[in-house]
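Protein chains: 2
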Amino acid sequence: MKKTILSIFIAAFAVTAYAQESIWADHLDISPIINEDCSATFRIKAPEAENVILVGDLAKEGNITLEKGEDGIWSWSSAPLETGIYSYLFVVDGVRTIDPDNTYVLRDVRSEFNFFIVERPGEKCPFVSGDVPHGDLAFRWYDCEGTGNERRLTVYTPAEYRKDKGRRFPVLYLLHGMGGDEEAWISLGRAVQILDNMIASGKAEPMIVVMPNGDPAWDAAPGNGDNGNHKPSFQGPCGDEKAFIDSFGEIVSFIDSNYRTIRKSSGRAIAGLSAGGGQTMRISKKFNRTFDYVGLFSASVKDFDGGEGFAEQFGEDPELYFIAIGKDDFLYQENVSLRKFLDEKGYRYEYMETEGGHTWANWRNYLTVFIGKIF
Amino acid sequence: MKKTILSIFIAAFAVTAYAQESIWADHLDISPIINEDCSATFRIKAPEAENVILVGDLAKEGNITLEKGEDGIWSWSSAPLETGIYSYLFVVDGVRTIDPDNTYVLRDVRSEFNFFIVERPGEKCPFVSGDVPHGDLAFRWYDCEGTGNERRLTVYTPAEYRKDKGRRFPVLYLLHGMGGDEEAWISLGRAVQILDNMIASGKAEPMIVVMPNGDPAWDAAPGNGDNGNHKPSFQGPCGDEKAFIDSFGEIVSFIDSNYRTIRKSSGRAIAGLSAGGGQTMRISKKFNRTFDYVGLFSASVKDFDGGEGFAEQFGEDPELYFIAIGKDDFLYQENVSLRKFLDEKGYRYEYMETEGGHTWANWRNYLTVFIGKIF
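First to last, the protein sequences are chains A and B. Under this note's numbering, residues 4 to 378 are what the first sequence spells out, in order. Under this note's numbering, residues 4 to 378 are what the second sequence spells out, in order.
It cannot be assumed that every hint is accurate.
For identical chains, the list gives no copy identity; a pair is met inside one copy or between any two copies.
Calculated cross-link-like contacts (lysine to aspartate or glutamate; reagent style EDC-like; alpha-carbon spacing at most 20 Å) [as the list claims (entries may be wrong)]:
#: 1; residue 1: K234; residue 2: E253
#: 2; residue 1: K168; residue 2: E356
#: 3; residue 1: K71; residue 2: E244
#: 4; residue 1: K127; residue 2: E73
#: 5; residue 1: K127; residue 2: D96
#: 6; residue 1: K376; residue 2: D74
#: 7; residue 1: K168; residue 2: D259
#: 8; residue 1: K376; residue 2: D243
#: 9; residue 1: K234; residue 2: D32
#: 10; residue 1: K245; residue 2: D32
#: 11; residue 1: K245; residue 2: E122
#: 12; residue 1: K267; residue 2: D134
#: 13; residue 1: K63; residue 2: E85
#: 14; residue 1: K348; residue 2: D306
#: 15; residue 1: K127; residue 2: E244
#: 16; residue 1: K166; residue 2: E253
If you are wondering where the hints come from, they were derived from the structure by calculation, not from laboratory data.
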């Protein structure tokens, strides 16, 4: 039997020559190991290496060097960890390497890294939704006249949507940042799990969440429409960002005509992170009777269009204008300026300031807080 | 500006200490480079390495050793390549490493590898669907009484489905192999692109494709319902495979009540690869008036249940009973035995024998041929 399994493995991979030795035989059982005290033990087999470093969430104070064992396996154990989600990768003799024994890999812009989850006894990680009703996910294409192409977007519908087919639901439009795409919020942002949990616990209304691709230079995340030439970068959103913003009404129309939505401003929210926060500011001004709830997460709001358009938007106060940012965020000062402007004009907003900077840890947090306040 | 971009990058990754040097600054522009003659040049920066090997589709005759340049970048160029999709990864001093400069990464069971696409001038790769109408994709949960949990499945709906809302469509149920899940056919199998292209060129009927998770030990692909403890393996399908097979009618009911389907056997096909081919054989016997079209791709059909159930299934010949396998497949002999049995009984089937073995290259090919024959 073992031989059969091995044969399948070798053939399925089509990396025949090296497969047996490096891919199958070398697989450690589980990595990292979460110990009983919730510490994590990292291991990588690299008998020839001179130096192995761990980078990521646990290495914020500096690089962590693993220790080499006699079996050629390098290892390091952390202190006991809090419930949460953690990122990491190895650097083996200067070469970035994802953990070959960890199934869980994410891409951020152009780079892959591993993640793992810790759940302390009796606690539940808000980014895991194993035991609550699951929402569904769709990747859909819509014709966008404004940008002149078919574009891909992601739609989350809550479990209630498929269970109660007579009911209509409010919609949150949720935008990614530079170098991101329509998959960023569901992979890096754990939006599905956050929504599933918040809705199941009654802390958020069941809602549809629409995550468009906000970079007009591309129609979709890498690997979908393209032929391998998509190299995401921090230069984006490239292309004609104005075309994306000006045509945002097309997305709202597409969703309203394909889903059981509440088709008025009290049933619509929009939020975005970083560049997507800037887009949120602009879109919510341009379509100023479309969204009653607006969220700016670590938003890029440089000079905020000289204040143009705010008078119309705040003429009839939005139900919620929410601004969140971390103290160490490099966009902090831009947000100070925006708030100063809003204060001077007497435009009402809600402000949340956290520790940390321009990170997914903060954006997951802001999303959690924001969806608890809307609808 | 450059400094700002860099700051975003460092913060977003939360791999602060090492990020600047190893992740951002070290990114080569594009990898691999597809040259004008359609050869591919592979590069990886590893100044301290002693040995760098390329494995994958181009290294079938043995490992390929890269050459070290004075800049610490190892490189190797292939001969001109045919139009197609290619897999690879590096082994740096014995450690498996995905290409840190290639955005395109896939997981097969527990291991990640890179891929790239070649399109020769004037040719179109059948696994790229950039210029044809795109089908939509949904990940949905259904209540499965047979296995006692909510389970996730993937649904492809063709572009025609969203454009013609009065029309009903046939359904192909498409099953994965051992260690796979509901995402295997869309990632490794390029099913979306194959369907988009075949439908756009009129070579296949517009159809819905349903890709369930056929491993009852799990409810979904890693990272969805679980808390990080899902370690796919070639031991699967583990759990109660019989429960999955016996309850397959629940999937058909779920699809028929949620999509505009053609609700009779002439509007249904089922196919699967390897272990999923064995499931296909069993499901199409058990539900023997449900599917008019059956496809066994490199199917695991050991002792084919001693022949039980075939008489009922072939009592009224299926429109198509399609068996495909590669000459080098380790399951070849099992399929010889099955065909001998079918021949002796006079049960009609169609047979396709190809070069190669138990590979996704073959399964993508078999799917392409099969969908051209059904509905």
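Do the hints match the structure? See the list:
Taking CA atoms no more than 20 Å apart as the test, K234 paired with E253 passes in neither setting, with 27 Å inside one copy and 42 Å between copies. Within a single copy, K168 and E356 get their C-alpha atoms no closer than 39 Å, and across copies no closer than 47 Å, so neither meets the 20 Å cut-off. Taking CA atoms no more than 20 Å apart as the test, K71 paired with E244 passes in neither setting, with 50 Å inside one copy and 42 Å between copies. For a Cα distance limit of 20 Å, the shortest separation of K127 from E73 qualifies neither inside one copy, at 37 Å, nor across copies, at 51 Å.
Taking CA atoms no more than 20 Å apart as the test, K127 paired with D96 passes in neither setting, with 37 Å inside one copy and 40 Å between copies. In this assembly of identical chains, K376 and D74 lie within 20 Å of each other by CA distance neither inside one copy nor across copies; the values are 54 Å within and 54 Å between. For the homomeric pair K168 and D259, the shortest alpha-carbon distances inside one copy (15 Å) and between copies (15 Å) are both at most 20 Å. In the homo-oligomer, the alpha carbons of K376 and D243 never lie at most 20 Å apart, since the shortest distance is 33 Å inside one protomer and 43 Å across protomers.
When the C-alpha separation of K234 and D32 is checked against a cutoff of 20 Å, the pair qualifies only between copies, where the shortest distance is 9 Å, while the shortest distance within a copy is 33 Å. In the homo-oligomer, the alpha carbons of K245 and D32 never lie at most 20 Å apart, since the shortest distance is 50 Å inside one protomer and 27 Å across protomers. For the homomeric pair K245 and E122, neither the shortest alpha-carbon distance inside one copy (43 Å) nor that between copies (33 Å) is at most 20 Å. Within a single copy, K267 and D134 get their C-alpha atoms no closer than 33 Å, and across copies no closer than 35 Å, so neither meets the 20 Å cut-off.
Taking the shortest Cα distances, K63 and E85 sit within 20 Å of each other inside one copy (15 Å), while across copies they are farther apart (46 Å). Taking the shortest Cα distances, K348 and D306 sit within 20 Å of each other inside one copy (15 Å), while across copies they are farther apart (80 Å). In the homo-oligomer, the alpha carbons of K127 and E244 never lie at most 20 Å apart, since the shortest distance is 39 Å inside one protomer and 30 Å across protomers. In the homo-oligomer, the alpha carbons of K166 and E253 lie at most 20 Å apart only across protomers (16 Å), although the nearest pairing inside one protomer, at 28 Å, exceeds that limit.
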